[in-house]
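Engineer: These are the residues of each chain, in order.
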Amino acid sequence: MINIGGIPYYILEFGDELVYFTPYTLTLFLLALTFTVLVIISRPEKQVDIAFGGDAYRTKEISLSEMRFRRFMAIACGLASMGAMVTGDIFNFALFTAMVGITNVGIVAAVKSPHVQNAAYQYGLVALAATIPLFAGAAVYAAAIGSLSMIELMKGTLPAVPLIAKAMLVIGVIGEGMAPFYAAKAEMFRAPGAPYVIMCSLSSLLIFLRVVEIVMLG
Amino acid sequence: MWGQYSYGLFVVMAAAVIAFFALSKERDDLHKLLLLDLVEIVGLGVIALLGTDLAEALILPGLTVGIAELLALSQIYCTKEGIRDIPVRGLNIEVIAKADAPLIISLFLVVYGMILSGFTGGAVAGLGLVILFISRSYREDLNLLEMASGISWALWIFAFFVFMFLPQYWFVALMGAAIGILLKVTVKMSLVGTMWGEQHD
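Protein chains in written order, with our numbering: chain A, 99 to 316; chain B, 6 to 206.
A hint or two may mislead.
Claimed, not checked - Below are the DSSO-like pairs computed for lysine-lysine, each with C-alpha atoms no more than 27 Å apart in a straight line:
id	chain 1	residue 1	chain 2	residue 2
1	B	LYS30	B	LYS85
2	A	LYS210	B	LYS85
3	A	LYS144	A	LYS210
4	A	LYS144	A	LYS158
5	A	LYS158	B	LYS85
6	A	LYS264	A	LYS253
7	B	LYS85	A	LYS144
8	A	LYS210	A	LYS158
Claimed, not checked - Computed spacing ranges between beta-carbons, pair by pair:
id	chain 1	residue 1	chain 2	residue 2	range
9	A	LYS144	B	VAL177	49 to 59 Å
10	B	ALA106	A	LYS144	58 to 68 Å
11	B	ILE46	A	LEU131	53 to 63 Å
Simulated from the structure, these hints should not be mistaken for lab results.
By construction, the Cβ of each residue, glycine as well, lies at the ideal position given by its N, Cα and C atoms.
So here's chain A without its partners, still in its complex pose (with noise of 0.2 Å):
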C-alpha cells in the first residue's frame, strides 16, 4: 500500500462512484467545507475607492441580482472542491476539477466592468484550453493501467503510469485552478465583492494539494 495521504479512514464504493477520506483528503475537505459555509453565511462588502491627495472616497454600488449570482456562483465552487478532494476516481476529479474552473470564471464574470471582463474572458480561455489535458491526462491514465480508481492506484500493484499522463493531469489542474495566472493579474482583485473572491483562490489551492497527492501514488 502506497499511503501518501494517510491510511484512508473510509471508502465509499457505490456502482461507478468511489469516495474515500484520509486524513489528509478530510482535512482539505474540511477546509473547503468551512469556506464554503462561510460564503454562504457573510455579508458581501462594498469596495471603496480613495482619491489620491484628498479624503474624498466612494463606494462603489453593486446590484443585488449580481451579488446572488456571485454567491450562488461561489457556493458551486465551494461544492465542486469538495467533490475534488473526497472523489476516488481520476476521471471524477477531472470533471470536478473543470467544474472548479467554471465556477471561477463566473464568479469573476458576473462583474459588469469592462476591464474585469476582459479578464474574465482571457483566463476562460485558459480554463478553455487546460481541460485538453486534463481530460486528456486521465484518458492516458485509464490506458496505460487499465483503470481509474485511486484505490487501486494505492495498492501498488498496477503498471507504473507514465510521466505524460501525470504532466498533463498537473498541467490541466494549473491551467483550471487559474492560480498563477490569476496572481500575476490585477484586474481580478479589483473586482468589487469581497467575500466571493476568495473562493477563487481557495479551490485552485484545493486542487492543486488534491492533484499532488493523486501524481504520487502511481
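Chain B: place on chain A using the hints.
Structural biologist: Just chain B, lined up with the frame of chain A:
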C-alpha cells in the same frame, strides 16, 4: 493494440500542437475561442482512442464540460463586446416555409430516431423537429416542452437508481433509460431550434 494507440496519440498531439501554434498567433478574441473549440474536439480524440465502452462513457462528460465552458465564454464575449440579442423568427426562405419537404424530412428523422432510441435516437429525432421548427417559424408555448424534458430526465435518473438498487429489474431500467434520454434529447434539441435568442421566461 498499444502500437496503434501510440500512433493515434501522436496524430492527436501533432494536431493539438498545430492548433495551439495558430492560437499563439491569433489576436482576435472570437477567433481564439473558435480555435480553442477546434483543439477541444481534437483533444477528445485522446479519450476516444481508448476504444472501449469506458471511452464512450468518458467522452460524453468531456464533451459536455467543453460545451458548457464554450457557452459561458460566448456569453462573456457578448457582454464584453456589448452585443445585443436580435430576435430571429425562423428562416425567411419562401421555398422552405411553403413546401412540404421539411415536413417529410422531419417525419422521417423522428421515426428513424425512435427506432434508434437512446441518446443517438434523441439527437436524430430532435434534429427532425429542429428542421420543422426552423422552417415553419412557430410560436408555441415552450413551457410545456421544458416540463416534458424535465419529466423525461427524471425518468432517466429513476432508471439509474433501479440499476443500482434493483439490478434484477435491469430490462425495465434499460427501457426506461432509453425512452427517458430519447425524449429528453429530442425535446432539448427542438428547444434549441425554436429559441432563437429571444427573451423568454
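Engineer: Next step is simple, just say for each hint if it's right about the structure.
Structural biologist: Against the structure, the hints come out as follows:
Between B:LYS30 and B:LYS85, the direct Cα distance comes to roughly 22 Å. Compliance with the 27 Å bound is thereby established for this hinted pair. Of the supplied pair hints, the one linking A:LYS210 and B:LYS85 holds, its CA atoms being roughly 9 Å apart against a limit of 27 Å. Pair hint A:LYS144 plus A:LYS210 holds up; C-alpha atoms about 15 Å apart against a cutoff of 27 Å. Between A:LYS144 and A:LYS158 the alpha-carbon distance is near 6 Å, which keeps this suggested pair within the 27 Å criterion.
Proposed proximity of A:LYS158 and B:LYS85 is supported: the alpha carbons are some 20 Å apart, at most 27 Å. About 18 Å separates the Cα atoms of A:LYS264 and A:LYS253, which keeps this hinted pair within 27 Å; it holds. For the given pair, B:LYS85 sits about 23 Å from A:LYS144 by alpha-carbon distance, which is consistent with the 27 Å threshold. Proximity of A:LYS210 to A:LYS158 is assessed by CA-CA distance (about 12 Å); at most 27 Å being required, the pair is judged to hold.
Checked against the hint of 49 to 59 Å, the pair A:LYS144 and B:VAL177 passes, with Cβ atoms roughly 56 Å apart. Checking the proposed 58 to 68 Å range against B:ALA106 and A:LYS144 shows it holds: the Cβ atoms sit about 60 Å from each other. The hinted range of 53 to 63 Å is not satisfied by B:ILE46 and A:LEU131, whose Cβ atoms lie roughly 36 Å apart.
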